[in-house]
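Visitor: Here are the chains, one letter per residue:
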Amino acid sequence: MTPNALDMLRAMARIRAFETALSERKDHGFQLLSSGEEAVAVGLASALTERDQLLTGGRSIGPAIARGVDPRAVMAELLGKTAGVNGGRAGRGHLSDPASGFFGAHAVVGGNISIAAGVALAKQMDGDGGIVAILFGDGACGAGALHETLNIAAKWKLPLLFVCNNNQWSVSTSREDALAPARLSDLGKTFGLPSRTIDGLDVEAVAAALGEAAQSVRRGEGPAFVECISIRLRSHSTTARETRKRDELAELRTRCPIRRQIARLGLDDDAVEALERDAADFAAAALAFAEASPYPSAAEVLTDVG
Amino acid sequence: MLDSAVVATKKMFFREAIAKAVREEMALNDRIMVMGQDVGSFGGSYREFDGLFGEFGAERVRDMPVAENASIGIGAGAAAAGYRPLVTITYMDFLMLGFDPLINYAAKLRYKTAGGLTAPLVVKTTAGAQGQGVAHSQCIEAWLMSVPGLTVVAPSTPADAYGLMKTALRADGPVVYIDHKRLFPAPGEVPVLESLVPFGLAAVRRAGTDVTITAHSFMVRMALEAAETLESEGISCEVIDLRSLAPLDMPAIAQSVARTGALVTLEEGQLTSGVGAEVAARLFETTGHRRWARVGALPAPVSSNPVLEAACVPDARRVAEAVHKLLAR
Chain H
1 MTPNALDMLR
11 AMARIRAFET
21 ALSERKDHGF
31 QLLSSGEEAV
41 AVGLASALTE
51 RDQLLTGGRS
61 IGPAIARGVD
71 PRAVMAELLG
81 KTAGVNGGRA
91 GRGHLSDPAS
101 GFFGAHAVVG
111 GNISIAAGVA
121 LAKQMDGDGG
131 IVAILFGDGA
141 CGAGALHETL
151 NIAAKWKLPL
161 LFVCNNNQWS
171 VSTSREDALA
181 PARLSDLGKT
191 FGLPSRTIDG
201 LDVEAVAAAL
211 GEAAQSVRRG
221 EGPAFVECIS
231 IRLRSHSTTA
241 RETRKRDELA
251 ELRTRCPIRR
261 QIARLGLDDD
271 AVEALERDAA
281 DFAAAALAFA
291 EASPYPSAAE
301 VLTDVG
Chain Z
307 MLDSAVVATK
317 KMFFREAIAK
327 AVREEMALND
337 RIMVMGQDVG
347 SFGGSYREFD
357 GLFGEFGAER
367 VRDMPVAENA
377 SIGIGAGAAA
387 AGYRPLVTIT
397 YMDFLMLGFD
407 PLINYAAKLR
417 YKTAGGLTAP
427 LVVKTTAGAQ
437 GQGVAHSQCI
447 EAWLMSVPGL
457 TVVAPSTPAD
467 AYGLMKTALR
477 ADGPVVYIDH
487 KRLFPAPGEV
497 PVLESLVPFG
507 LAAVRRAGTD
517 VTITAHSFMV
527 RMALEAAETL
537 ESEGISCEVI
547 DLRSLAPLDM
557 PAIAQSVART
567 GALVTLEEGQ
577 LTSGVGAEVA
587 ARLFETTGHR
597 RWARVGALPA
607 PVSSNPVLEA
617 ACVPDARRVA
627 EAVHKLLAR
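Residue numbers (this note's numbering), protein chains in the order written: chain H, 1 to 306; chain Z, 307 to 635.
Keep in mind that the hints were calculated from the coordinates and are not lab data. Each hint should be verified, as a subset may be incorrect.
Claimed, not checked - Pair ranges (Cβ atoms, derived): (1) H:Pro181 - Z:Ala617: 46 to 56 Å; (2) H:Glu276 - Z:Leu334: 53 to 63 Å; (3) H:Gly144 - Z:Arg476: 24 to 34 Å; (4) H:Asn151 - Z:Glu539: 51 to 61 Å; (5) Z:Ala606 - H:Leu302: 36 to 46 Å; (6) H:Ala274 - Z:Asp478: 46 to 56 Å; (7) H:Asn151 - Z:Phe348: 17 to 27 Å; (8) H:Leu302 - Z:Pro607: 31 to 41 Å; (9) Z:Ala617 - H:Gly220: 34 to 44 Å; (10) Z:Leu334 - H:Gly68: 15 to 25 Å; (11) H:Gly144 - Z:His630: 41 to 51 Å.
Said to hold, decoys possible - Derived, one-sided and incomplete: chain H residues facing chain Z with beta-carbon distance under 10 Å: (12) Val108; (13) Ala122; (14) Glu204; (15) Thr303; (16) Asp304.
To be verified - If you only want the chain H side, here are some residues facing chain Z, beta carbon under 8 Å, derived: (17) Arg89; (18) Ala90; (19) His106; (20) Gly111; (21) Ala116; (22) Val119; (23) Gly144; (24) Glu148; (25) Asn151; (26) Ala154; (27) Val171; (28) Gly306.
For clarity, every value in this text was computed on a predicted model and none was experimentally measured. Each residue gets a CB set at the ideal place from its N, CA and C atoms; glycine is no exception.
Isolated chain H, as found in the complex (with noise of 0.2 Å):
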């Protein structure tokens, strides 16, 4: 066991705790979760460094917090607190912190995918050295946004990493009935990308896969496309009706990517009993923050406008 498996398997039962927390709060209001897609974010995170950006859709929790945003203030931006990562009034859908390099969530399906090409062609000019990630799910696969920025970044060579998450669901409409290609990464062969699907529940695998990609795309030889296949193992929304049968469900659990390193591992009972106690504190202690956070005044609606 290297000790990089077991903080990964950490950082994603950290994740699922603190969804789990918030979701449980009745002023949640209205979040897009992340669980069974943990292993995504968490391999993304390991593959990135301190110069890196990310940029995410709207299914942000888990990436910022693998990123490494102080889930504190994340618990706090998500139940719209002052003391939020952006004084509350970004929330799950845009959420941001450059400077733990997470550049942003933009919550229209795709669209942050030529902001990030922006961003990275900013870090192109700029010769700094880090490149971008954008981190997108299956369902941005069939908008324009994605082609046209595909197209832009492959002439130019931005330093730009493409990770499609895809846990398989447009809220209700299934990948299968949505898209047209036979893997989302051919996508990515079609504009010269080196390009790939792996397994997204395996940690290990999305970090190396990741770690290999980021790699190239450093070294300058323009972008890269991962799919990584991921499972939704709730609803699409905590207000979305679920659409998938009790037995679907079932077994999607039994494939869920954190008892999958659990397994792997070989952690006996009282190392799950840590690793649980660890990811319960976690959430607990970015709860209590939030809690003590005022909301905003009203007197603010109009601030930082224009």
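Given the structure of chain H, go ahead and fit chain Z onto it with the hints provided.
Guide: Positioned in the frame of chain H, the structure of chain Z alone reads:
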């Protein structure tokens, strides 16, 4: 008051005034870059970037593929990351393809990050009818005026094209800069020395006492033509060039209407939820109702057919008719 300060000027076409502004600002600030279709060695669809590619190189003057959405998105992302892109969208109709990055991202970035990030992005586009048909002629600036966080300017003279572009390239937030196909052929005096035109300041193009006509972009010419005709009939028109649509210079409009007592709002775009409706509503909120008529396009698409195009968009004759009708009330 009339712009009367004496400054050294040179006669320039609109496109030359734009190029002068962009050239000066690019020389001052190496974070400024131009991105758009045919902006490189071609020099822009209207040659408004003539020479910049040779002077500043392919890194700072970038030809884009036909990808308006990604062009504005990449511009917005680079802006958020510290650059100052000027993205050109050949026709305003195509701006719709880039509304997501412009409106959902750039215009909201400062707000959603509580001031942490801004998007100093200029999107330059060309509006107006000139024989190019239903999807190459529209004036949709009124749509943009309702977006919090977005600045919208539409110069009518080469001097303002120059001064507003310079201000736009120094602004902190996204600016939509709108020029007009029918403004390009006519030259005008442009300050030789560096000068800026601030946002939110209208200009009185003609002083008058009987009626105030507000307009922007090419329609300022139509207003001035109508004012000329009306003067020979004994009607004195004050013509206000709005220049900046968001923010609007309401004090200038209010002062003028307080003297004339009558308002005609003129625009090339649609009247419904239009610039004129906004000007009038904002004015009457503070002054109470005043005599008002609005002139704009008929509620139809703008055809490339010359008869139908001319029938759709306003001209000086329609402005004069509206003034007559209003003053006869």
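Visitor: Each of the hints needs a verdict: does it hold here or not?
Guide: Status of the hints after comparison with the structure:
no. : hint                            : verdict
1   : H:Pro181 - Z:Ala617: 46 to 56 Å : holds (48 Å)
2   : H:Glu276 - Z:Leu334: 53 to 63 Å : holds (58 Å)
3   : H:Gly144 - Z:Arg476: 24 to 34 Å : holds (32 Å)
4   : H:Asn151 - Z:Glu539: 51 to 61 Å : holds (58 Å)
5   : Z:Ala606 - H:Leu302: 36 to 46 Å : holds (38 Å)
6   : H:Ala274 - Z:Asp478: 46 to 56 Å : holds (49 Å)
7   : H:Asn151 - Z:Phe348: 17 to 27 Å : holds (20 Å)
8   : H:Leu302 - Z:Pro607: 31 to 41 Å : holds (37 Å)
9   : Z:Ala617 - H:Gly220: 34 to 44 Å : violated (57 Å)
10  : Z:Leu334 - H:Gly68: 15 to 25 Å  : violated (37 Å)
11  : H:Gly144 - Z:His630: 41 to 51 Å : holds (49 Å)
12  : Val108                          : holds (5 Å)
13  : Ala122                          : holds (4 Å)
14  : Glu204                          : violated (31 Å)
15  : Thr303                          : holds (8 Å)
16  : Asp304                          : holds (4 Å)
17  : Arg89                           : holds (6 Å)
18  : Ala90                           : holds (5 Å)
19  : His106                          : holds (6 Å)
20  : Gly111                          : holds (5 Å)
21  : Ala116                          : holds (6 Å)
22  : Val119                          : holds (4 Å)
23  : Gly144                          : holds (6 Å)
24  : Glu148                          : holds (4 Å)
25  : Asn151                          : holds (6 Å)
26  : Ala154                          : violated (11 Å)
27  : Val171                          : violated (19 Å)
28  : Gly306                          : holds (4 Å)
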